Amino acid sequence: MEKRAKTSSLLFTSSDWNFDDLSRAYDAIKEIAVDELRLDFYPNQIEVISSEQMLDAYSSIGMPLMYQHWSFGKHFVHESNLYRKGRMGLAYELVINSNPCITYLMEENTMALQALVIAHASFGHNHFFKNNYLFQQWTDAGAILPYMEFAKSYIARCEERYGPAAVEAVLDAAHALMPQAVFRYRRRPRLSVVREQARIRERLEHEERTFSDLWRTLPQAAEIAAPREPQADLAERQSAIEYPEENLLYFLEKYSPVLKAWQREILRIVRIIAQYFYPQRQTKVMNEGCATFVHYTIMNRLYDKGQISEGSMLEVLQNHSNVVFQPSFDDPRYGGLNPYTLGFNMMRDIQRICTAPTAEDRDWFPDFAGNGDWCGTLLDAWATHRDESFIRQFLSPALIRDMRLFSLQEEASDPYYEVTAIHDERGYERVRSRLADNYDVGATQPDIQAVDADLKGDRKLRIKHTVHNGATLVEETRNETIRYIQRLWGHEVSIVGVDAATDKTLYEFSSKELAEKV
Amino acid sequence: MPNFIDRRLNPKDKSLGNRQRFLRRAREELKRAINDRIKSGKIGTADQDQIIPIPRKGIGEPTFQRAPHSGRREEVLPGNKTFGTGDRIPRPAAGGGKGSEPSASGDGEDDFQFALSREEVLDLFFEDLELPDLVKLNLKEVVTFRPRRAGYTMSGNPTSISVGRTMFNSFGRRIALRRPRQAEIDAIAAELLKLEGERRPSAATQQRIAELREEHATLARRRKLIPYIDPIDIRFNRFEPQPVPNANAVMFCLMDVSGSMGEREKDLAKRFFVLLHLFLKRRYEKTDIVFIRHTHEASEVDEDTFFYSTQSGGTVVSTALDEMLRVIRERYPAKDWNIYAAQASDGDNIPNDSERCVSILDNTLMSLCQYYAYVEIIDERESEMFRHADNGTSLWNAYREVSAAWPNFAMTRIAKPSDIYPVFHELFAKAPAPAKRG
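The listed protein sequences correspond, in order, to chains A and B.
Under the working numbering, the first sequence has 109 at position 109, and the numbering climbs by one with no breaks.
Under the working numbering, the second sequence has 47 at position 47, and the numbering climbs by one with no breaks.
Hints were generated in silico from the structure; no laboratory data involved.
Quick caveat: nothing in here was measured; it's all calculated off a predicted structure.
Check before you lean on any hint, since a few could be wrong.
Unchecked claim - Sample of chain B residues facing chain A (criterion: CB under 10 Å; computed from the structure):
| no. | residue |
| --- | --- |
| 1 | 61 |
| 2 | 77 |
| 3 | 89 |
Stated by the list, open to error - Derived DEER-like restraints, expressed as beta-carbon distance ranges:
| no. | chain 1 | residue 1 | chain 2 | residue 2 | range |
| --- | --- | --- | --- | --- | --- |
| 4 | B | 429 | A | 333 | 50 to 60 Å |
| 5 | A | 429 | B | 88 | 16 to 26 Å |
| 6 | A | 10 | B | 186 | 44 to 54 Å |
Here a beta-carbon is modelled for each residue, glycine too, at the ideal position from N, C-alpha and C.
Can you make the complete structure from the sequences, with help from the hints?
Next up, the structure:
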């Protein structure tokens with residue numbers, strides 16, 4: 001090691017970067033990633049962009065291709081204002097879950113920072129995207145970019161044909177329902193541009209072939225069948241559509257009585273994008289933790305091997321500690337648990353438990369404490385967990401003590417908050433399980449489902465909100481969202497809040513009231 | 001070796017379309033906010049810079065969100081210092097929650113506020129208003145010319161030399177006349193130098209030297225004779241002054257300031273004219289405005305007097321019309337000017353004068369005017385009584401005849417400040433609607 005350092009095996013010496021340095025650094029990082037960390041990743045594509053382009057990418061939820069909508073413009077204005085006033089720094093990188101995996105590097109970064117970012121994004125995130133079961137199950141990295149290309153051009157074509165205002169109306173409503181637009185239990189929808197286009201074409205051709213002007217002239221009355229028993233009717237329509245349906249956008253796309261084919265297609269596009277981001281919402285801690293752990297380990301190894309200088313290493317460490325900075329709850333800078341910190345700390349902790357466990361660790365984690373193979377343990381955790389299960393499994397008492405975690409309960413009716421558990425023998429279990437609950441996307445999202453719609457009768461759509469722990473919805477945005485649902489449904493929409501424990505109706509709201517209020 | 005791509009030179013404004021869409025949407029909101037403000041009676045402030053908070057409604061993105069302080073929840077926080085299990089911490093006052101506590105919605109977005117300058121406020125305010133039938137474009141009195149590019153010319157001002165075109169010509173000429181290049185001459189000179197440097201030049205060499213000398217001289221002469229840039233190469237950008245049609249318009253503001261007009265009536269009338277004044281100043285660069293006020297006699301006054309000075313007396317409306325006629329004859333020949341008039345009055349007039357007004361309008365004024373708007377200021381209590389157009393003051397009743405005869409005559413009533421903007425809007429709506437029959 002000494003010898004190599006003397007012959008100057010430094011990957012780079014200047015703080016300015018160039019493409020030769022980048023590619024030398026990339027190769028050195030890759031060597032460590034493959035040989036020592038046993039990472040498995042998609043081929044990398046690294047793109048250098050300017051800060052303005054970074055802002056552009058920010059505002060279109062990080063996708064390199066995105067259809068046009070005013071809300072992205074709003075985010076752009078907002079973010080560029082913050083950036084110009086110096087209230088917000090830009091991320092050093094942006095990485096896209098695609099195959100090949102695209103990483104954006106900011107041109108302003110120094111060379112040491114570029115190396116850090118490559119290790120973080122091109123290897124850390126990339127490995128996670130490729131191996132985590134959620135991503136494998138729900139997203140198709142190879143198809144997303146072509147699909148976005150299709151979505152963008154499809155929506156642009158719609159704007160040309162039907163006018164931007166009409167398209168905007170549908171998109172506004174669809175965006176409001178994005179959190180309610182994921183399937184949580186079904187297999188991922190397969191995307192393929194070719195098939196997608198063929199499907200649309202076929203649908204249109206079929207419509208054209210079967211079009212007959214005669215249908216229009218049929219007397220309306222013939223359609224009204226003899227009145228049937230309401231009970232049988234209910235049973236029949238319950239069986240025709242699978243109720244309840246929690247993917248509201250899917251429901252509207254399939255069953256809305258008023259939407260035209262192109263509008264349904266737009267809902268589908270929004271829904272597929274929401275689905276694509278669903279795994280990311282569930283793995284924030286793990287994803288960032290994995291990337292941070294990887295860059296930390298790799299940069300340290302590079303330094304050990306004498307491939308980066310002390311100066312660069314100091315710069316790397318300074319940036320690293322900024323990233324994993326966690327203010328305490330009473331600090332004015334506190335804005336929730338930092339997922340980078342939590343993830344990174346947990347992974348370092350697993351490394352410690354594998355190599356130098358204490359008696360306590362052996363009690364809590366008998367299956368891997370002291371097994372010596374921290375790399376294998378982590379690889380396995382990265383592949384088979386999401387945030388909630390990861391925390392439930394791996395958060396150790398030692399780390400709870402380190403971060404001085406405690407759980408605080410808030411009951412709306414009480415005039416106080418209560419500390420329910422702290423970092424002590426009695427509290428470890430509870431802190432750990434509450435923290436895991438907080439990261440359970442399924443539990444933190446409001447439980448809202450479409451439960452009934454009488455398509456042959458008054459076409460009223462009934463939506464049920466099951467209220468857990470008395471957590472209601474913000475009334476204003478709820479009503480606005482209902483208004484949007486009504487726009488897509490075309491008829492009355494009602495939402496009813498039912499308490500999960502007591503089955504009592506807590507509130508009821510119908511889009512009819514909305515119309516009267518205005 | 002990964003795939004490195006330098007995207008820095010790619011076009012930057014990828015989200016330009018998004019931003020335009022956002023501004024368009026925000027604009028509608030802004031307009032509504034401004035109109036609301038003005039409708040609520042603050043016309044005086046229309047003429048100032050304003051900070052307009054955009055209501056979140058129009059540009060909000062609602063979703064189903066958990067209400068922040070409802071029900072029961074348990075959160076895990078870092079950095080415990082003194083708490084033990086079971087400790088109770090009083091809830092901070094005003095239900096604001098702890099300042100640092102993460103909000104459940106996770107959406108700490110600022111409200112958008114737009115600071116608008118006076119110009120922008122007025123632009124939005126008058127956006128879809130227009131003087132109707134602005135037709136008489138008097139080209140004789142055209143005053144503005146705008147330079148327009150019109151190809152190239154051989155002569156001109158040195159500042160407008162077209163370098164590209166000049167070099168283009170020079171290059172062509174140099175090729176056509178085969179101007180020797182410096183490199184050729186240098187090559188010959190170099191060879192000469194080499195040959196001349198020989199100690200004992202052979203006969204052949206000497207002859208070669210002579211040849212080269214001659215060639216060198218020819219080329220140098222040629223190069224001198226054919227200049228790099230000849231005056232005939234030079235081209236100038238040519239600009240042609242283009243006449244910009246300019247519509248002459250004059251607006252007559254007639255206001256009754258007699259004793260019957262109380263403070264309230266005068267205030268309403270003034271507000272109406274303030275709006276009109278702003279509108280004309282804003283939208284028409286060259287509009288003359290003539291202020292005429294009248295009691296039992298009428299006089300042309302300046303802006304300040306019109307708006308701020310007081311006078312008292314009886315009411316003879318026709319004097320104002322006479323005065324207007326006089327000014328038109330004197331300064332604004334109808335064939336060159338678009339003439340507009342707005343009259344505000346409480347409808348009182350001395351007996352028999354209303355008929356005279358009608359005859360003045362019918363016989364002369366209405367054929368001269370593009371548009372004549374009559375605004376009657378009435379009492380709020382009267383507005384009930386006068387809900388139907390066929391009830392009214394003597395002037396109102398008289399003017400109804402004019403309105404029936406002339407499509408470019410409009411009449412309307414104002415009872416309270418909030419009527420002003422709608423009425424104004426109605427009178428000057430962009431599509432030249434057929435004048436509303438009272």
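Hint check results:
1. 61: Interface hint status for residue 61/B: holds (6 Å vs cutoff 10 Å).
2. 77: The hint holds - residue 77/B has a Cβ within 10 Å of chain A, the shortest such distance being about 4 Å.
3. 89: holds, 5 Å
4. 429/B - 333/A: 50 to 60 Å: Holds, at about 55 Å.
5. 429/A - 88/B: 16 to 26 Å: holds, 22 Å
6. 10/A - 186/B: 44 to 54 Å: holds, 48 Å
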